[in-house]
Each structure stands twice: as structure tokens, then as C-alpha cells.
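Novice: Two chains, two frames, a set of hints: combine them into the complex.
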Amino acid sequence: MRLQIIIPAHNEEKSIKEVILGVKKYTNNIIIVDDGSKDNTYLLAKEAANDILVLRHEINLGKGAASKTGCEAALKLGAETIALMDGDLQHSPEDVMKLVEKLEKENLDIIFGVRPINKEMPLLMFLGNKFLTRVCNFLSGIPLNDTQSGLKVFKASAYPKIAWQASDYSLETEIIIKTSKNNLKYAQLPIQTIYKDAYKGMTMFDGIKYFFNLLKQKFS
Amino acid sequence: MIVGIQILGIIFGLLMAYWCFLHYKRGEFGGVQFLFWEVLWLGFIFIILLPKTTDILVQKLSVDRAMDLFIIIGFMFIAFITFYNYMVINKIRQKLEGKIRKEALKDLEKN
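The listed protein sequences derive, respectively, from chains A and B. Note that this note's numbering gives residue 83 to position 83 of the first sequence, counting from 1, and the numbers run on in steps of one. Note that this note's numbering gives residue 42 to position 42 of the second sequence, counting from 1, and the numbers run on in steps of one.
Only chain B is shown next, with the shape it has when bound in the complex (with noise of 0.2 Å):
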């Protein structure tokens, strides 16, 4: 029998697969980025539905439970993704200013 959170899990996995769906069709998505992406929030979406195929793997990591396993995973893809995110500000911030001032000091070139 589903559970009350795994619904909102499923609902959850289903609007982001389709949200990954509709950057694909306006084309900001590339097919191997979109496959990615699908495949990920559908197998996240199987995990919730059948929680005991994750068993194996929660005894082998010496994990009491598939919960605490998917926790500790979020954790961890969250601070892979806060880590990634701040490399790729800071190398567009470093651009956007290297641009910004290429374009300030234009004129003084030209002299």
C-alpha cells in the first residue's frame, strides 16, 4: 500500500520529470542531458514505490534503514550541487567583470 509520503514523493518525481520534459521541448535541454535527467527522477520515483529494492544496498553500506539512505544522499547531492553552483558563479562573475571592464576601458585603447 502507498503511504502518504511516498505520494508526495511520486507527485514530487513526476512534476520535476516533466519539468526536465518541457526544457527539452523548447529546446534548452540536448537529448543525452534530458535522458539523464528523466532517467534520474524516474528511478527516484521507483526507489519511493518499491522501497525493498534498496535493501541489498542499505546492508551492504551498513545504513539501518532506506530512509536514512536516501537522506545521507540528499545531503550529499546537495552539497555537491551548493559547491558546483558556487565554481560556476564565480567563473561567470570573473567573465562578467572581465568583459565589463574590457568594454570601460575601450575608449582609452582607442587613444
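The following block holds chain A by itself, in its conformation from the complex (with noise of 0.2 Å):
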């Protein structure tokens, strides 16, 4: 198993050195793809570590299109297991081998982190997530308990699959629908999410933006 750990970021340089010694611990096999940075999260990030891939988009595109960046790299670096993570901090990289572990386990073609929907959560998220949570479950038919969650791992020869169109974080729901378009095999796993910043991410505007793309993905 050939494992590459993607990592988009935008405007991380208080965390992207955090985030990626912490995965170093587990691997080296490790992409940032530095979407736009306005500070030095790129320059951060190459001085972290010499022995991983940075990739820098010249202009911000949005996570969906960095994320997607990374993929291609990963595949062209022979990767047979993709993951894909939050560079905020958000995920611990513990998390990350388990959800790496089940997939190989259970033979899987993908498998999603949930986080849990509790009052840690800040309440607009709480709110918006319930609800693309339960729209999501119900047009996918794939009943998880954290449809926004960033952090996911699949096979390789899965990706094709379901390779996304969204350039922002509607990757997030478009990738549920494509997997279950697409029959693949699937599971959910629960994990820690640390919340930094209520006004970083997704907001309450991308939300009903993510609703409609949701339907689109769905109808289309």
C-alpha cells in the first residue's frame, strides 16, 4: 500500500508546519498543495520538511481544485491509497492511519471521518450541517453522520470514480454522491475535530451554495 497524504491549504502559515510534522510522524509521503496563499504557508510548508511534495497554485481555485491538484500528483507518484486532510489542524494524523487501516482492512474503495454533530461544534455549522447532512443521506442513500467532514481516504483506483467537478468544498458532498453513483464500497469512521476558527471554512453562504450544487450533482 502506497500511501500519499494530501493536504490543501490557504493562508495556513500558523499551522501548516504543525500539521506537517505531526503527519511525518506517520509518513513521509505527504502533498501540500498551497491554493493562492496571500501569506507564507508555502514557503512554511517547503521549509518543514525537504523530503515532501509542495505544490503551489499561482491563484486561490478553492479546496475542491487543490485537493484535486494533489490527486493528480499523488497518481503520477504511483500512490495506491489516496487521504485527503484539512491543513488547519483540524485532523489529527492518528486519525488518519485509522481510517488508512480500515480501508485496507474491510477492502474498501472509500471510507469517510465523521466528526461528532455536537455543541462543540460552532452553531451555525451545527445548524447548516444537519441540514446538508440529511439532504445529502437522502439523495446519496448513504447514511453518514457527517456529510462536511474534510478528512476521507480512498483507493487510487478508486479516484476516477469519483473525481470531482466542484472546485470549492462542495467536493465534500459530490464525492458521497459519486460514490454512490457509483456503487463503490464505503464506511464511516468517527473522529476528533478541533474547531480554530468559526469564520474560516465552510460559512452559512456556502452552505446553501453546497445545497444546490448538492441537487446538481445529484440530477445531473
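Please keep in mind that the hints were generated in silico from the structure rather than gathered at the bench. Fair warning: there could be bad hints in the mix.
As the list claims (entries may be wrong) - The calculated DSS-like cross-link candidates involving lysine-lysine, where the alpha carbons are at most 30 Å apart (straight line), are:
1. Lys95/B with Lys106/B
2. Lys106/B with Lys17/A
3. Lys52/B with Lys216/A
4. Lys95/B with Lys218/A
5. Lys102/B with Lys209/A
6. Lys178/A with Lys14/A
7. Lys106/B with Lys76/A
8. Lys99/B with Lys178/A
9. Lys105/A with Lys24/A
10. Lys14/A with Lys38/A
11. Lys24/A with Lys106/B
12. Lys178/A with Lys209/A
13. Lys76/A with Lys25/A
14. Lys178/A with Lys91/B
15. Lys99/B with Lys38/A
16. Lys106/B with Lys38/A
What the hints assert, rightly or not - One side of the interface only, derived from the structure: several residues of chain B facing chain A at Cβ under 8 Å:
17. Ile89
18. Arg93
19. Glu97
20. Ala104
21. Leu108
If you're wondering where the values come from, they're calculated on a predicted model, not measured in any experiment. A virtual CB, placed ideally from N, CA and C, is assigned to each residue, including glycine.
Specialist: In C-alpha cells:
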């Protein structure tokens, strides 16, 4: 199993080094995709380790586009398993490895890390997540506890089937819909999440946009 | 007699025609493109000045008033432009994404 961990990052200079060093305890196969950051994310990622791949988008395209660039690089490097995680310390590297282990053990195509939907989650995110999760579960037929989590692991062979068009955060729901459409073998595993910044990442307005994107994906 | 709303329409039509002319002078419009838009805006002014000329069309389309016809055509035009813009933006977004990705992966391909 050749694992590549992809970390899309946009203005993550405060956390990127720590994320890289955390993941490096488990593997050196890390691909950072700096998505047109205006801060020093790219330089700090380069500084953090010499033996990882750091790619850069000249302009900010969005998480979906950055993740896709990472996946294409991973395939070129001969990856057999691909993990997607956030670059803001939301996810723990231990959880990534747990997902990888379960994927291998149960011979799954894809495994989703699901966050506990509890009071620790900011209120608007909690309500939006509840709503989108219900709609996504209904449309996809996949009963996930959290459809907006950015942590997931999949086999490289499954990538062509789930390859997303979304350049923004809609990739999360698009992957679920495509998993369902292609009858991929999936599972979910609870993960721990630390919420750092309520104004970064997905907002309420994004949620509305993703709702419509979800409908588009389902009926296209 | 020209009423208030007609004056507003004529000023709008003239400004748009002048804007097209500026684009043409700056070389941003080709001759055919310039001619198309000028005819469109001059036609717009002509109809505002002589709304009675549309009476035949209004009757043929079973619309009550010329104003209703303009509003319907206006909405259709806006819907078309919105859809057209959506398609163009989508196409540009995909091209841009492809180009940026290719650039990001350039070093990887060299190795």
C-alpha cells in the first residue's frame, strides 16, 4: 500500500508546519497544495520538511481544485491509497491512519471520517451541517453522520469514479453522491475535530451554495 | 410629444451607443460587432421615439400594449444574457483551473 496524504492549504501559515510535522510521524508521503495563499504558507511548508512535495497554485482556486491537483500529483507518484485532510489542525494524523487501516482491512473503496455533531461545533455550522447531512443522505442513500468532513481516504483505483468537478467545498458532497452512483464500497469512522476558526472554512452562505450543488450532482 | 420616461430611455440608448463607440475606438470591438450593437441601440431609441411602429407586432403577438412587449423582450434578453454569462464563466473557470493545475504540476513532470 503506497499512501499519499494530500493537504490543501490556503493561508495556513499558523498551522501548516505543525500539521506537516504531525503527519510526518507516520509517513513522509505528504503532498501540500498551497492554494494561492497570500501569507507564507508555501515557504513554511517547504521549510518544514525537505522530503515532502509542496505544490503551489498561483491563484486561489478553492479546496476542491487544490485537492484535485494533489490527487493528480499522487497518481503520478504511483499512489495506491490517497488521504485528504485539512491543513488547519482540525484533523489528527492518528485519525488518518485509523481510516487507512480500516480501508485496507475491510477492502473498502472509500472511507469517510465523520465528526461528532455536538455542542462543540459552532451553532451555525451545527445547523447547516444537520440540514446538509440530511439532504445528502436522502439524495445519495448513504447514511453518513457528517457529510461535510474534509477527512477521507480512498483507493487510487476509486479516484476516477469520484473525481469531482467542484473547485470549492462542494467536493465533499460531490464525492458522496459519486460514491453512491458508482456503488463503491464505503464506511465511516468517527474522528476527533478541533474547531480553530469559525470564520474560516465553510460558512452559511457556502452551505446554501452546496445545497444547490448537491441537487445538481444528483440529477446530472 | 416626448414624455419623461421616453427622455430617460433615449438618454440610456445614447449612452449605450456611445459606450459601444468607445469600445470600437479602443479596438475592443470589431467592425461587425460594433455595427450590431449600434443598430441595436439605435433601434431601441427609434422604438422609444415612435412606439406606434410596433403596433402591428403588438397585435400579431396578442399583447395588450407596446410597453408589455418591451418588458417581455427585456426579461427574455436578461435570461439569455444570464445563461450565456454562466456558460462563459464556467468555461473560463475550467480553463483557468486546468492551466493553474498544469503549472503546479510542471515540476513534478520534469522529475
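Novice: Could you grab the alpha-carbon distance between Lys106/B and Lys17/A and see if it respects the 30 Å cut-off?
Specialist: holds (24 Å)
Novice: Has the given pair, Lys105/A with Lys24/A, been kept, meaning a C-alpha gap of at most 30 Å?
Specialist: The hint holds at about 22 Å.
Novice: For Lys106/B and Lys76/A, compute the direct alpha-carbon distance and say whether it is at most 30 Å.
Specialist: Roughly 12 Å between the alpha carbons, so the hint for Lys106/B and Lys76/A holds.
Novice: Is the Cα-Cα distance between Lys95/B and Lys218/A 30 Å or less?
Specialist: holds (24 Å)
Novice: With a cut-off of 30 Å on the C-alpha distance, tell me whether Lys76/A and Lys25/A pass.
Specialist: Between Lys76/A and Lys25/A the Cα gap is close to 24 Å, so the pair holds against 30 Å.
Novice: For a C-alpha distance cap of 30 Å, please report whether Lys178/A and Lys209/A respect it.
Specialist: holds (18 Å)
Novice: Holds or violated: Lys24/A with Lys106/B, Cα cutoff 30 Å?
Specialist: holds (25 Å)
Novice: Regarding the hint that Ile89/B lies at the interface with chain A, is the smallest CB-CB distance below 8 Å?
Specialist: violated (12 Å)
Novice: Quick one, is the Ala104/B hint okay against chain A at 8 Å, beta carbons?
Specialist: It holds, given that the least Cβ distance between Ala104/B and chain A is near 4 Å, below 8 Å.
Novice: Can you confirm whether the C-alpha distance between Lys99/B and Lys38/A stays at or below 30 Å?
Specialist: holds (20 Å)
Novice: Is the hinted pair Lys95/B and Lys106/B satisfied, with a Cα-Cα distance of at most 30 Å?
Specialist: Measuring from Cα to Cα gives roughly 16 Å; hence the hint holds.
Novice: Quick one, are Lys52/B and Lys216/A close enough, alpha carbons at most 30 Å?
Specialist: violated (45 Å)
Comparing the model with each earlier hint shows violations of hints 3, 6 and 17; every other hint is respected.
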